[in-house]
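Undergrad: So you can see what is in the structure, the chains are spelled out below.
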Amino acid sequence: MKFSHIADCHIGSWRDPKLREASLDAFLMATAKSKEELVDFILICGDLFNTSLPAIDKLKIVVKKLKELKESDIPVYIIPGSHDFSPSGKTILDVLENAGLVINVVKGRVVENKLSLVFTEDKKTGAKITGLLGKKGMLEKSYYEALDKESLEQEKGFKIFMFHTALTELKPKELEDMDSAPVSLLPKGFDYYAGGHVHIIANHSLEGYTSIVYPGPLFPNNFKEIEELKHGGFYIYEDGNLTHFPIKIYNVVSLCFDCNNKTPQEIRRELLTLLENELEIFKNELNKTIVTIRMFGLIKEGKISDINLDDIFEQMYQKGIYFIMKNTTKLTTTEFEEIKINLEKSNDIEEALIKEHIGKARLNLKIVKAEPEITGQKEETPTTEQERETNEHQEEINEHNEQINTIKQLMTSLDLEKMEGERVVDFEQRIKDNFKKLLQI
Amino acid sequence: MINSIKDSVKGTIIGGSHNKILIRQKYDQKVEIGELLVSQEKDKPEKTLLQVYDLIYGSQLSQANLELISGIKLEQVSEEQHLSFIEHELRNYNLVIAKNLIQLDTNTISKSLPCFFSDVRGLKEEDLKFITKPKNPLHVGRLRSGSKIFEYDIYLQGDAVLSEHILISASTGKGKSNLTKCILWSLVEQDFCGVLVLDPHDEYYGRNKLGLKDHPLKNKIIYYSKNPPAGARSLKINISLIKPTHFRGVVNWSDAQYEALVAYYNYYKQDWIKAILLEKTEKEKIEKEKTERFTEKEKLTGMNGYQSSTERYGNQLNQSYGPNGSFQSATIGVIKRRMLSILDLSLNSKSDDIVSKGIFDFHSGESTVHDIAEELENARTVIIDTSNVSSQQEIFIGSLICSELFNKYKQYKTDGSLAEKPQISVVIEEAPRVLGKDVLEKGSNIFDTIAREGRKFKVGLIAITQLPSLIPRQILANMNTKIILGMEMGIERKAIIESASQDLNDDDKNIACLDKGEAIVTSNFVRFATPIKIPLFEELIFKEIQTKVKQYAKDFSGVNLG
Numbered sequence: 000m001k002f003s004h005i006a007d008c009h010i011g012s013w014r015d016p017k018l019r020e021a022s023l024d025a026f027l028m029a030t031a032k033s034k035e036e037l038v039d040f041i042l043i044c045g046d047l048f049n050t051s052l053p054a055i056d057k058l059k060i061v062v063k064k065l066k067e068l069k070e071s072d073i074p075v076y077i078i079p080g081s082h083d084f085s086p087s088g089k090t091i092l093d094v095l096e097n098a099g100l101v102i103n104v105v106k107g108r109v110v111e112n113k114l115s116l117v118f119t120e121d122k123k124t125g126a127k128i129t130g131l132l133g134k135k136g137m138l139e140k141s142y143y144e145a146l147d148k149e150s151l152e153q154e155k156g157f158k159i160f161m162f163h164t165a166l167t168e169l170k171p172k173e174l175e176d177m178d179s180a181p182v183s184l185l186p187k188g189f190d191y192y193a194g195g196h197v198h199i200i201a202n203h204s205l206e207g208y209t210s211i212v213y214p215g216p217l218f219p220n221n222f223k224e225i226e227e228l229k230h231g232g233f234y235i236y237e238d239g240n241l242t243h244f245p246i247k248i249y250n251v252v253s254l255c256f257d258c259n260n261k262t263p264q265e266i267r268r269e270l271l272t273l274l275e276n277e278l279e280i281f282k283n284e285l286n287k288t289i290v291t292i293r294m295f296g297l298i299k300e301g302k303i304s305d306i307n308l309d310d311i312f313e314q315m316y317q318k319g320i321y322f323i324m325k326n327t328t329k330l331t332t333t334e335f336e337e338i339k340i341n342l343e344k345s346n347d348i349e350e351a352l353i354k355e356h357i358g359k360a361r362l363n364l365k366i367v368k369a370e371p372e373i374t375g376q377k378e379e380t381p382t383t384e385q386e387r388e389t390n391e392h393q394e395e396i397n398e399h400n401e402q403i404n405t406i407k408q409l410m411t412s413l414d415l416e417k418m419e420g421e422r423v424v425d426f427e428q429r430i431k432d433n434f435k436k437l438l439q440i
Numbered sequence: 000m001i002n003s004i005k006d007s008v009k010g011t012i013i014g015g016s017h018n019k020i021l022i023r024q025k026y027d028q029k030v031e032i033g034e035l036l037v038s039q040e041k042d043k044p045e046k047t048l049l050q051v052y053d054l055i056y057g058s059q060l061s062q063a064n065l066e067l068i069s070g071i072k073l074e075q076v077s078e079e080q081h082l083s084f085i086e087h088e089l090r091n092y093n094l095v096i097a098k099n100l101i102q103l104d105t106n107t108i109s110k111s112l113p114c115f116f117s118d119v120r121g122l123k124e125e126d127l128k129f130i131t132k133p134k135n136p137l138h139v140g141r142l143r144s145g146s147k148i149f150e151y152d153i154y155l156q157g158d159a160v161l162s163e164h165i166l167i168s169a170s171t172g173k174g175k176s177n178l179t180k181c182i183l184w185s186l187v188e189q190d191f192c193g194v195l196v197l198d199p200h201d202e203y204y205g206r207n208k209l210g211l212k213d214h215p216l217k218n219k220i221i222y223y224s225k226n227p228p229a230g231a232r233s234l235k236i237n238i239s240l241i242k243p244t245h246f247r248g249v250v251n252w253s254d255a256q257y258e259a260l261v262a263y264y265n266y267y268k269q270d271w272i273k274a275i276l277l278e279k280t281e282k283e284k285i286e287k288e289k290t291e292r293f294t295e296k297e298k299l300t301g302m303n304g305y306q307s308s309t310e311r312y313g314n315q316l317n318q319s320y321g322p323n324g325s326f327q328s329a330t331i332g333v334i335k336r337r338m339l340s341i342l343d344l345s346l347n348s349k350s351d352d353i354v355s356k357g358i359f360d361f362h363s364g365e366s367t368v369h370d371i372a373e374e375l376e377n378a379r380t381v382i383i384d385t386s387n388v389s390s391q392q393e394i395f396i397g398s399l400i401c402s403e404l405f406n407k408y409k410q411y412k413t414d415g416s417l418a419e420k421p422q423i424s425v426v427i428e429e430a431p432r433v434l435g436k437d438v439l440e441k442g443s444n445i446f447d448t449i450a451r452e453g454r455k456f457k458v459g460l461i462a463i464t465q466l467p468s469l470i471p472r473q474i475l476a477n478m479n480t481k482i483i484l485g486m487e488m489g490i491e492r493k494a495i496i497e498s499a500s501q502d503l504n505d506d507d508k509n510i511a512c513l514d515k516g517e518a519i520v521t522s523n524f525v526r527f528a529t530p531i532k533i534p535l536f537e538e539l540i541f542k543e544i545q546t547k548v549k550q551y552a553k554d555f556s557g558v559n560l561g
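So the protein sequences, as listed, match chains A and B. Here the first sequence stands for residues 0 to 440, numbered as in numbering that gives the first Met the number 0. Here the second sequence stands for residues 0 to 561, numbered as in numbering that gives the first Met the number 0.
Honestly, the hints are just simulated from the structure, not real lab data. Careful: at least some of the hints might be erroneous.
List time: in silico DSBU-like cross-link candidates among lysine-lysine, alpha-carbon distance up to 35 Å [said to hold, decoys possible]:
hint, chain 1, residue 1, chain 2, residue 2
1, B, Lys132, A, Lys155
2, A, Lys223, B, Lys493
3, A, Lys329, B, Lys208
4, A, Lys140, B, Lys123
5, A, Lys1, A, Lys59
6, B, Lys242, A, Lys407
7, B, Lys553, A, Lys417
8, B, Lys132, B, Lys553
Derived CB-CB ranges, DEER-like [what the hints assert, rightly or not]:
hint, chain 1, residue 1, chain 2, residue 2, range
9, B, Lys134, A, Glu265, 54 to 62 Å
10, A, Val423, B, Lys356, 22 to 30 Å
11, B, Gln391, A, Lys32, 33 to 41 Å
12, A, Glu144, B, Asn406, 49 to 57 Å
13, A, Lys299, B, Val354, 32 to 40 Å
14, A, Glu349, B, Asn406, 20 to 28 Å
15, B, Leu216, A, Ala351, 21 to 29 Å
16, B, Glu31, A, Glu349, 19 to 27 Å
Now the stretches of chain B that chain A is said to cover, found in silico as 3 or more residues with beta-carbon under 8 Å [unchecked claim]:
hint, segment
17, 222-234
18, 354-368
As the structure is a prediction and not an experimental result, all values here were calculated from the model. From the three backbone atoms N, C-alpha and C, an ideal C-beta is built for every residue, glycine too.
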């Protein structure tokens, strides 16, 4: 048995004209390689397209390629991913399936509120394939929680489970903040777990789960991925052996440049020299070379714009470089103090904003004060003026904090989402009830 | 069983001192050790709460007469004949010894004597106004008077109590686990704290019985296990996250051994354990690794790819061959053996590779510690099932997580954001394993650091033990709140009494008499050592799990259900 495992093609992801075609080219190269390797079938584990309704020009090419694969008797099994799934059902994947170009393996039935998945059997090899789609915000987690795993585990034969979800235990450190689900939500005992969604190349086994594989994206999807991965790739499985095939479209040169204590002129000079040196190796292939420059540090004097990166870029383009990208988020200058908010989470930012604006509007909210302290402790009457002032100040602080809390609770109440299967009326009532409770009305 | 409060006089104060008040018990009344009594004079507002700590017999007859009468009864009076005292209830009686607790009318510690010859009665509902529910409540049980239980829940001020540590102490079978389960159940509902539970008996989550998994807010319970049920997380910790300091208090390294650990860590960084285990002692091996690394980078960068850091790495290795030559092979050998054991690893001699057999892994679990810290910061309860690992491994896991957590909270204090963070509490069973005198004599560890300094950084311990005497007095004193259940061993009672927040010197008998589920809470956050009855966990949660969340038809959009 031989099959390709592809994921996260994200066709149509790059907006820059220079890289717009890269993901499509990577897809064409991967399918061509699969055909050349005579695979029995291809698995695409979500996010074939970057949106559920991709641009026609790209779609035309994809359809043509899928048709070729069909004519070559290479079935393509897919699952929708967080990017190309649409809750309204309006996704091009359905069109492709109805046209017989791909087979969506996310099939099943609901028995007593449990989701019982059905296997799709590959006629040529007898492989039994099933899986679950990926949704934005990890909403597929509830599918896993409702999954009838027993029936899947009892099935005999060579079984493949396709998924488009980050697994908690296998998340790399740099993606530790990514939403994820525990491995234990997957059914056990499959021969191959074909993963997508997390842009990493990984092949791991955990107790009860052999070969949990992520092939990584077919083409890097952002600056950081280009910098770290350089290129995309996919896996080919052949009778228990797994080989990763890189898809190399461009040469990549990644520079990490320390600007600390340097003047814009020095930076400019050193950067140009460095680029000259680093690009020497690709001097004959500059038109196929991408350069990423990550700059960091506190520059000695002047403004960041004094470095005149645009001019450096222009010089590089004149030399024939295909594409050059920069990241200067960690680059600072002493002349202009940047207003920095050391907040990484949206909750922290919200709280900081609430605190900033709390005094600007008076909230006429009934705030129920908590009873004082524990067993037997009563507030004592202040005796001196100083104590009274201290108490008043403390009360102000308390009121201030309570108002912040109330606003946060109101925001949380407004952030509630309609539960699956819940009627709109019930949902609205639930929101109203929460508000009444919160505002004591 | 909830007993009603009887409005009846139980006795009269007849003498004694402030802490040893003598009461003559009314003949038809029953008084128990630990019972709460109220002394109040008619038409006067002053009310004093007293607690019984001893009971003795009293009689108007002399000891010699009593001995004579009992002799007559035993030796000369047949079964048919009847021998009784004239006005028995006046001549013979019980004497109750009680201590002064608080002034109920002013809700202050009692500093005066109740009126001489005033009546004492049982506690009434109107006396219990002093019991209030604090802002961040931690439910511990119901008020108890002797063996009578009142329908008044006792709450502690959760955030304060947790930051200053809790010690739960009892003999086996007296209800430590039940109390812990009840406390955890209560804390799940609260947003002021996150709780990390190291569970060596896998008893809190309730894998096959009622447990925290049945909580209505079960999404706030995160369960890690080597063999997780569906929805729980596999306990996997990536070896690259381990630092030499995590072994403090877990393994007794000699100075040379620890220096070797640090040297390897400084040189190899996240690969230091691998370097030790593969005994990279020769130049060839280093060179081999260099080549492998180079190839690995080449693989990543692609055939035509280029990354300038690869050369830098190579140069770095060329400059030095690491710490290998500086340590004796015997030292490295011992470290290697211990590492293999504690990390549950084995070496595959054929492939020169390391095989992970348990929790510690080279591939998975890179985000585990971060995830746990994150969940705790979101005021969730994280239970780590350590039932399938050795005690040493359990402590090591706890040490690793707590170190990272503690450092994170220290950082929050530095950057001024600590006030916004929830309190963190770490539940540790058989606490003397990490806080015992013998353990700490060999060196400090993260748990005793938390015990000593945690309060400043909003990290506290809930230490559970049946042998508090093994914990140094200084640490016991740092445990501000103690929940004392029944303890038969005098030495253990003594250790607790000597370090309690209230004066329990007269309560030795009271503690010894505590039945299953009965406890005394002593803390800076309660007015007096409060007697409580801890509810049975199964009964406590029964009502809550009966109210099932309305089941909505699930939406499986995107799944072809045709």
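Undergrad: Next, verify each hint and record whether it holds.
TA: Against the structure, the hints:
1. Lys132/B x Lys155/A: Judged against 35 Å, a Cα distance of about 58 Å means the pair is violated.
2. Lys223/A x Lys493/B: 62 Å, violated
3. Lys329/A x Lys208/B: Measuring from Cα to Cα gives roughly 52 Å; hence the hint is violated.
4. Lys140/A x Lys123/B: Between Lys140/A and Lys123/B the Cα gap is close to 53 Å, so the pair fails against 35 Å, i.e. violated.
5. Lys1/A x Lys59/A: Distance of about 28 Å is within 35 Å: holds.
6. Lys242/B x Lys407/A: 38 Å, violated
7. Lys553/B x Lys417/A: Judged against 35 Å, a Cα distance of about 12 Å means the pair holds.
8. Lys132/B x Lys553/B: Distance ~39 Å between Lys132/B and Lys553/B Cα, so the pair is violated.
9. Lys134/B x Glu265/A: 54 to 62 Å: Holds: the Cβ-Cβ distance is about 58 Å, inside 54 to 62 Å.
10. Val423/A x Lys356/B: 22 to 30 Å: Since the Cβ atoms of Val423/A and Lys356/B sit about 53 Å apart, the hinted range of 22 to 30 Å is violated.
11. Gln391/B x Lys32/A: 33 to 41 Å: Roughly 50 Å apart at Cβ, these two residues miss the hinted range, so it is violated.
12. Glu144/A x Asn406/B: 49 to 57 Å: 34 Å, violated
13. Lys299/A x Val354/B: 32 to 40 Å: 52 Å, violated
14. Glu349/A x Asn406/B: 20 to 28 Å: 26 Å, holds
15. Leu216/B x Ala351/A: 21 to 29 Å: Check passed, 27 Å falls within 21 to 29 Å.
16. Glu31/B x Glu349/A: 19 to 27 Å: 55 Å, violated
17. 222-234: holds (count 9)
18. 354-368: n = 6 at 8 Å, threshold three: holds.
Of the numbered hints listed earlier, those contradicted by the structure are 1, 2, 3, 4, 6, 8, 10, 11, 12, 13, 16.
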